[in-house]
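Visitor: Listed below, chain by chain, are the residues.
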Amino acid sequence: MGELRAYGALFLGQWRSLASYRASFAVDLATNILGAVLDVVAVLVLFGATRTVAGFTLREGLLVVSLSSCGFATADLVVGNIDRLKTYVRTGAMDAVLTRPLGALPQLVLMDMPLRKGLRVAVAVAVLITALRLNHVDWTPARAALVVIAPLSGALFFGAIFVASASLAFWWVESGEVGSAFTYGGRDFTAYPVPVFEGWFRAVFAYGMGFGFVAYQPALTLLEHPDPLGLPAGAGFLSPLVALVAAGVAAVVWRAGIRHYRSTGS
Amino acid sequence: MSVITMRGLRKDFTVRVRTGRLRREKRTVEAVAGIDLTVEAGEMVGYIGPNGAGKSTTLKMLTGVLTPSSGEVSVCGLAPVPQRTRLALTIGVVFGQRSQLWWDLPLRDSFALLRHIYRVPPDAHAARLRRCRSLLDLDEFLDTPVRQLSLGQRMRGELTAALLHGPSVLFLDEPTIGLDVVSKQAVRSFLAELGATGDVTLVLTTHDLADIERLCRRLVVIDHGRVVHDGTIEALHARYGSRRRLVVDLDTPLPPGFAVPGADLVSLEADGHRASFDLLSSSAAGAVVAELATLASMRDLSLVEPDIEDVVARLYRA
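Chains as they are written, first to last, in the numbering used here: chain F, 1 to 266; chain G, 1 to 318.
Warning: the hint list may mix true and false statements.
[What the hints assert, rightly or not] Facing chain F, according to a computed beta carbon distance under 10 Å, are these residues of chain G, among others: (1) 102; (2) 113; (3) 116; (4) 117; (5) 134; (6) 138.
In case anyone wonders, no lab produced these hints; they're calculated from the structure.
Glycine included, every Cβ here is placed at the ideal spot set by N, Cα and C.
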């Protein structure tokens with residue numbers, strides 16, 4: 001209980017700090033809506049050029065991209081700024097974080113939550129609702145649950161990717177944009193039906209790393225669309241499991257990183 | 001009861017050193033090379049050493065920021081890294097160059113947030129804050145955002161922030177670095193007062209030996225990751241043979257071939273009108289002055305206490 005209030009206080013601190021830069025917050029908020037809309041438009045443009053992509057229609061494609069962007073936008077809102085860890089490690093500011101009586105990861109998250117990205121989540125949810133109405137979904141309790149679980153699992157999955165790739169900074173301070181290949185690259189990958197990709201690339205990203213279970217498989221399950229790649233119809237229900245595994249891996253990497261933290265001379 | 005124990009504590013860093021245009025070589029640097037030390041409750045320990053000696057690294061291992069490469073360490077009966085968050089509730093930390101405060105918020109707000117983070121009961125928090133406000137003169141800048149504070153003001157804020165949860169051990173990494181004389185004095189007398197209560201164990205690193213002379217009975221000198229001295233300042237002087245110096249101004253030069261028992265002549269200046277002697281024992285001053293008075297008529301004399309900076313400089317060079 002006390003701990004929750006402590007985290008609440010951290011969040012409040014960030015909120016108050018933000019309030020001292022109101023104008024810039026408003027501008028950020030506006031540009032982020034634009035960004036969210038553009039993400040969806042990029043997919044629509046592709047379907048505009050060809051009526052179907054790898055056997056998927058525009059409506060079906062919209063469901064895939066909206067599931068992906070719901071998950072990503074939520075993860076980005078909560079832990080998207082974790083890549084600031086680089087700065088914390090390089091400047092040694094991590095020292096102050098580690099001398100407080102709270103977990104290091106929740107502290108970093110709450111001290112730096114990019115609230116300006118909040119509207120992105122709203123846009124993504126709106127697109128998801130639209131996509132569900134455009135498609136014919138045979139609603140059963142299981143599918144209704146999946147509509148809620150899939151974006152949350154996606155958020156957990158992307159959150160894990162954010163944390164794991166930010167942790168690189170513990171070993172390699174100049175990790176630069178390597179992490180972005182997996183976070184933003186992963187988002188772009190999940191925005192399209194997996195059959196769009198081919199060969200080893202598809203095998204590694206979609207199944208090896210699990211990106212296929214963020215949006216593609218749940219979308220198939222919701223639509224009762226047979227998987228051209230042959231996974232059973234219920235594979236979409238695996239998405240929370242895949243997300244949990246990813247979160248477990250990220251937790252291990254993060255812990256190892258904290259132990260490896262070297263601070264800086266002072 | 002010992003509050004801090006370190007046994008064979010080590011921290012190695014691997015660094016890559018450029019050896020050619022592209023080639024880089026891995027090298028292991030011993031930042032802390034086996035430290036054994038215990039600190040009792042209520043002690044005030046000054047930790048000094050040249051840049052890169054391993055002072056900050058040791059402090060960071062004690063506070064759970066860095067994981068030791070080997071050896072044992074315990075603070076308040078806790079293992080710093082595995083029990084980091086529990087330890088954080090019982091220690092206070094001031095790292096001179098790292099802020100605990102919210103950059104964009106007034107000090108008052110930072111303190112309020114810290115009360116929740118450390119889960120301090122409101123009345124205990126209020127009492128401690130009141131005490132810090134009066135001892136450190138915080139009132140005039142309590143409502144100023146931290147980013148607009150001067151370094152001295154910020155440091156006073158950091159000290160308060162580190163003490164609001166009533167820690168039993170306070171770690172200070174160069175608390176007076178970069179401060180002006182007045183702020184240094186304010187910080188020192190505050191810490192002296194804090195230490196005098198005996199409730200708080202104080203460990204501080206510094207480059208300013210005046211901090212140590214003013215605050216710490218016990219001095220630990222560290223160099224190349226090892227403890228080279230652990231004891232009082234007096235013990236350091238005794239060990240390194242620092243002596244008090246007697247300087248006399250004379251109306252007439254000393255006669256040629258004179259000798260003064262109990263003192264070594266160090267220098268003769270102003271055509272022999274000023275002479276400096278090192279006193280060989282701590283009680284020799286009276287006898288030496290009496291002896292000198294028989295040799296020449298004295299106008300003035302002064303006794304110079306040994307300078308700790310000199311001793312330490314010699315120690316670092318050794």
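Visitor: Hint by hint, note whether the structure agrees.
Guide: Consistency of the hints with the structure:
1. Contact between residue 102 of chain G and chain F, as hinted, is supported at the beta carbon level, the nearest pair being about 5 Å apart and thus within 10 Å.
2. Annotation: interface hint on residue 113 of chain G holds; nearest CB of chain F at approximately 5 Å, less than 10 Å.
3. With a least beta-carbon distance of about 3 Å to chain F, the hint placing residue 116 of chain G at the interface is held under the 10 Å criterion.
4. The beta carbon of residue 117 of chain G is positioned within 10 Å of a beta carbon in chain F (closest approach about 5 Å), and the interface hint is therefore held.
5. Restraint check, residue 134 of chain G versus chain F: the minimum CB separation of about 25 Å is more than 10 Å; hint violated.
6. The interface hint given for residue 138 of chain G is broken, as the beta carbon of that residue sits about 19 Å from the closest beta carbon of chain F, more than 10 Å.
Checked against the numbered hints listed earlier, the structure breaks hints 5 and 6; every other hint is satisfied.
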